[in-house]
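Here is how the chains run, residue by residue.
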Amino acid sequence: MSQGGRPRIISALVENKPGVLYRITNLIRRKSFNIESIAVGPAETPGLSRMTFTFSADYSRFDQVMKNIENLVDVRMVEPLEERNATVRELALVKLSPGAPVTRPEVVKFIETFRADIVDMSTDTLTVEISGDSDKINAFVNLARNFGLMQVARTGAVALAREMIVQKVM
Amino acid sequence: MRLNMTKMTGAQAVVGALERERVEAVFGYPGGMNMPIYDALCHPDRAEKGIRHILARHEQSAAHMADGYARASGKIGVCMATSGPGATNLLTGLATAYMDSSPIVAITGQVPTFMIGTDGFQEIDIVGMATSVTKYTFQPLSVRDVPHSIKAAFYLANTRRPQPVLVDIPKDVQQTEDDVEFPEHVQYPHYVSLPSPDPTIVKTIARTVLSAKRPVILAGGGVRIANAYHELQALAELLVAPVVTSFMGKGAFPENHPLSFGCVGMHGSERTNMLIPECDLLLVIGARFSDRTTGRIEKFAPNAKVIHIDIDRAEIGKNYKTPVVFLLADARSALQALLRELDAGMLGGERNSWVKRNQEVVVMAQTALDGNGKSHLSGVETIKMLRRFIPLNALVATEVGQHQMWCLQHFQVIEPGTFISSGGLGTMGFGFPAALGAKIARPDVPVFDIAGDGSFAMTENSLATSVEEDIPVTVVILNNRMLGMVAQWQRLFFNRRYSAVQLGRSPDFIKLAESYGAEGIRVETLPELEAAVKKAISSPVTTVIDVPISPEENVLPMLPPGAGLKEMIVE
Numbered sequence: 001m002s003q004g005g006r007p008r009i010i011s012a013l014v015e016n017k018p019g020v021l022y023r024i025t026n027l028i029r030r031k032s033f034n035i036e037s038i039a040v041g042p043a044e045t046p047g048l049s050r051m052t053f054t055f056s057a058d059y060s061r062f063d064q065v066m067k068n069i070e071n072l073v074d075v076r077m078v079e080p081l082e083e084r085n086a087t088v089r090e091l092a093l094v095k096l097s098p099g100a101p102v103t104r105p106e107v108v109k110f111i112e113t114f115r116a117d118i119v120d121m122s123t124d125t126l127t128v129e130i131s132g133d134s135d136k137i138n139a140f141v142n143l144a145r146n147f148g149l150m151q152v153a154r155t156g157a158v159a160l161a162r163e164m165i166v167q168k169v170m
Numbered sequence: 001m002r003l004n005m006t007k008m009t010g011a012q013a014v015v016g017a018l019e020r021e022r023v024e025a026v027f028g029y030p031g032g033m034n035m036p037i038y039d040a041l042c043h044p045d046r047a048e049k050g051i052r053h054i055l056a057r058h059e060q061s062a063a064h065m066a067d068g069y070a071r072a073s074g075k076i077g078v079c080m081a082t083s084g085p086g087a088t089n090l091l092t093g094l095a096t097a098y099m100d101s102s103p104i105v106a107i108t109g110q111v112p113t114f115m116i117g118t119d120g121f122q123e124i125d126i127v128g129m130a131t132s133v134t135k136y137t138f139q140p141l142s143v144r145d146v147p148h149s150i151k152a153a154f155y156l157a158n159t160r161r162p163q164p165v166l167v168d169i170p171k172d173v174q175q176t177e178d179d180v181e182f183p184e185h186v187q188y189p190h191y192v193s194l195p196s197p198d199p200t201i202v203k204t205i206a207r208t209v210l211s212a213k214r215p216v217i218l219a220g221g222g223v224r225i226a227n228a229y230h231e232l233q234a235l236a237e238l239l240v241a242p243v244v245t246s247f248m249g250k251g252a253f254p255e256n257h258p259l260s261f262g263c264v265g266m267h268g269s270e271r272t273n274m275l276i277p278e279c280d281l282l283l284v285i286g287a288r289f290s291d292r293t294t295g296r297i298e299k300f301a302p303n304a305k306v307i308h309i310d311i312d313r314a315e316i317g318k319n320y321k322t323p324v325v326f327l328l329a330d331a332r333s334a335l336q337a338l339l340r341e342l343d344a345g346m347l348g349g350e351r352n353s354w355v356k357r358n359q360e361v362v363v364m365a366q367t368a369l370d371g372n373g374k375s376h377l378s379g380v381e382t383i384k385m386l387r388r389f390i391p392l393n394a395l396v397a398t399e400v401g402q403h404q405m406w407c408l409q410h411f412q413v414i415e416p417g418t419f420i421s422s423g424g425l426g427t428m429g430f431g432f433p434a435a436l437g438a439k440i441a442r443p444d445v446p447v448f449d450i451a452g453d454g455s456f457a458m459t460e461n462s463l464a465t466s467v468e469e470d471i472p473v474t475v476v477i478l479n480n481r482m483l484g485m486v487a488q489w490q491r492l493f494f495n496r497r498y499s500a501v502q503l504g505r506s507p508d509f510i511k512l513a514e515s516y517g518a519e520g521i522r523v524e525t526l527p528e529l530e531a532a533v534k535k536a537i538s539s540p541v542t543t544v545i546d547v548p549i550s551p552e553e554n555v556l557p558m559l560p561p562g563a564g565l566k567e568m569i570v571e
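Chains E and F, in that order, give the protein sequences.
This note's numbering applies: residue 1 is where the first sequence begins, and numbers increase by one.
This note's numbering applies: residue 1 is where the second sequence begins, and numbers increase by one.
Think of the hints as simulated: they come from the structure by calculation, not from any bench.
Bear in mind the structure is a predicted one, so any value in this text is a computation, not a measurement.
C-beta atoms are modelled at their ideal positions from N, C-alpha and C, and glycine is treated no differently.
A few of these clues could be false.
What the hints assert, rightly or not - Pair by pair, the computed Cβ-Cβ distance ranges are: (1) E/E44 - F/G562: 48 to 58 Å; (2) E/M77 - F/N303: 16 to 26 Å; (3) F/R52 - E/E44: 26 to 36 Å; (4) F/N227 - E/L91: 18 to 28 Å; (5) E/N26 - F/P112: 34 to 44 Å.
Claimed, not checked - Calculated pairs, DMTMM-like style, for lysine to aspartate or glutamate (alpha carbon to alpha carbon, straight line, at most 20 Å): (6) F/K318 - E/E15; (7) F/K566 - F/E270; (8) F/K321 - E/D58; (9) E/K67 - F/D198; (10) F/K534 - F/E552; (11) E/K31 - F/D145; (12) E/K17 - F/D125; (13) E/K67 - F/D312; (14) E/K67 - E/E15; (15) F/K321 - E/E15; (16) E/K31 - F/D291; (17) E/K17 - F/E270; (18) F/K318 - E/E83; (19) F/K151 - E/E15; (20) F/K384 - F/E571; (21) F/K151 - F/D178; (22) F/K7 - F/D178; (23) F/K299 - F/E270; (24) F/K318 - E/E44.
Take the sequences, apply the hints, and build the full model.
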């Protein structure tokens, strides 16, 4: 059940209080979904946070967990988002240790092709910052295996609805 | 210091906040981490204000007592326990209340704030553990937070769908003295009662209902909780629509009413289970399509348009196909709005054949149910006779198992809300403590626990509470020396291999009752049963009536697992 269905994104505007994240993740866990990413940060209003969750689910169970989340006392608003109705971005830090036969110019070209930035460098390694939608980051990480991929840290998706097609669950 | 601030300890603030909520009784058990609250409860200054503490003999029972109190009164039940094992023992009771939408505020002690997270003695993360079975949890970390936490717990427990709320209070917070203020209100602008029902949707429902030829009303626990009995009856009579209930809806509609078809589901009667698949419109009010109600879901009401009214938006399409209309509202305001919209003159003449069909199934079912002519007492006969002997206004709780399902089938509930049972969680041991809580709420009426010997044994030590706290109720044990429902399944689906269901001869429930100072009566015949019930009702102490029945009796009809409503096993 947890593995079925399409990737889903939930954006929740919540009170910044202890236990809110736990209640939401607990609900998602109870429905046997595997959360792929969580991103949490302060929202536009002081005292509120915006949380973005991604996981795969079929529609009916996804719809139900949305309503369960919206029922929570500390949740102000929940939106189901998709790439087609929302701006979705993720940031990743990728540490590479490129060595022969890869040359430094090849590495730099690879990074520039993805419009990523080198944000840290040592004699043996360099750390790249890349942002974009998840597909872009997946592609970058996959190709980075050819350039001495060492570590990846991803924020998980953050998303905001595009104007005019905000969908609020009833 | 503000004028309306008072200097007091956190524990005194707990008691002060409970007094402001007009709590009359608290069910609990003391221990190391809630002793300051117990000290504040018994403080001489407070003796006259009179929050009565009822000492349970196990925290699970304390939670069930609070639950029974809530179900009998419509008010919030309060239970208390210490940290660690006290708190974990509450969990089954909280889960029971959560599943049946009963409002409870549970107050637990916790290790001091500076010890939290150190695995201190009797420390447990009850906030984390209770999250799945509560609407909300509080853990006030300062004395000033205590009054708000309690006030908010009461507000949340009974706003929208009633559910339990936990308040976990570290011991140092209970002990510290500070200036506290008791808020008159708490602000949850985004968690408020539902607005009145959407008139457009109500109109649609009215139109849909009127155009149906074979409508059936399915009423659930939501009708009982919202106190919408009269509205439901008015609607049923206006539409001349048969009313079936879920198990939690038992008592939402008088079961001796000509339009009553009793409970539908796994142990629903033949006539009820045959009726639902034939309807063309199912108006569902405050019910959630539990698997025990629907049987195999595809065969439940395959040809019906479904209209679903519920207070919880997460029930839309959760278990059953998405309704043609969903109305987010509590049962009472929804029914009131619908009644205003309907006019009996709008009913078409074609309904007559449906009413006639209803009467046919009634006749069919009556002939099917008669003919139980054995000489000794059967479970079914005992339940049927209990209905004759127990006053209609008595509150009747049950345990969980065969006796409970015989009550579903044969114990007609006629006065609204007089039936209390653990439906969603099916918690053995619920009935007796729940009956005690109900008696605290309604000392004016007789209170019964119809029990099986297996279930009663789970919380039988509540006899001590019953006797010591002077809460007389009557327990009727249908005693088959078996875990009867499990045994029935083993007979039917496991080739009669009994595994771990034979309870043997102990205890002697008469001696058990007497050892606690209660009365015990064993009955073998119907006249003895009648006499025992009469004696028990007038007795100043709790009476346990032990009724030996056959260990081989089944609850029939029943739906085998995975079967549709029309595929009952009848004999």
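Legend entry - Numbered hints the structure breaks, given as an ascending list: Of the numbered hints given earlier, those the structure breaks are 2, 3, 4, 5, 6, 10, 11, 15, 17, 18 and 24, listed in rising order.
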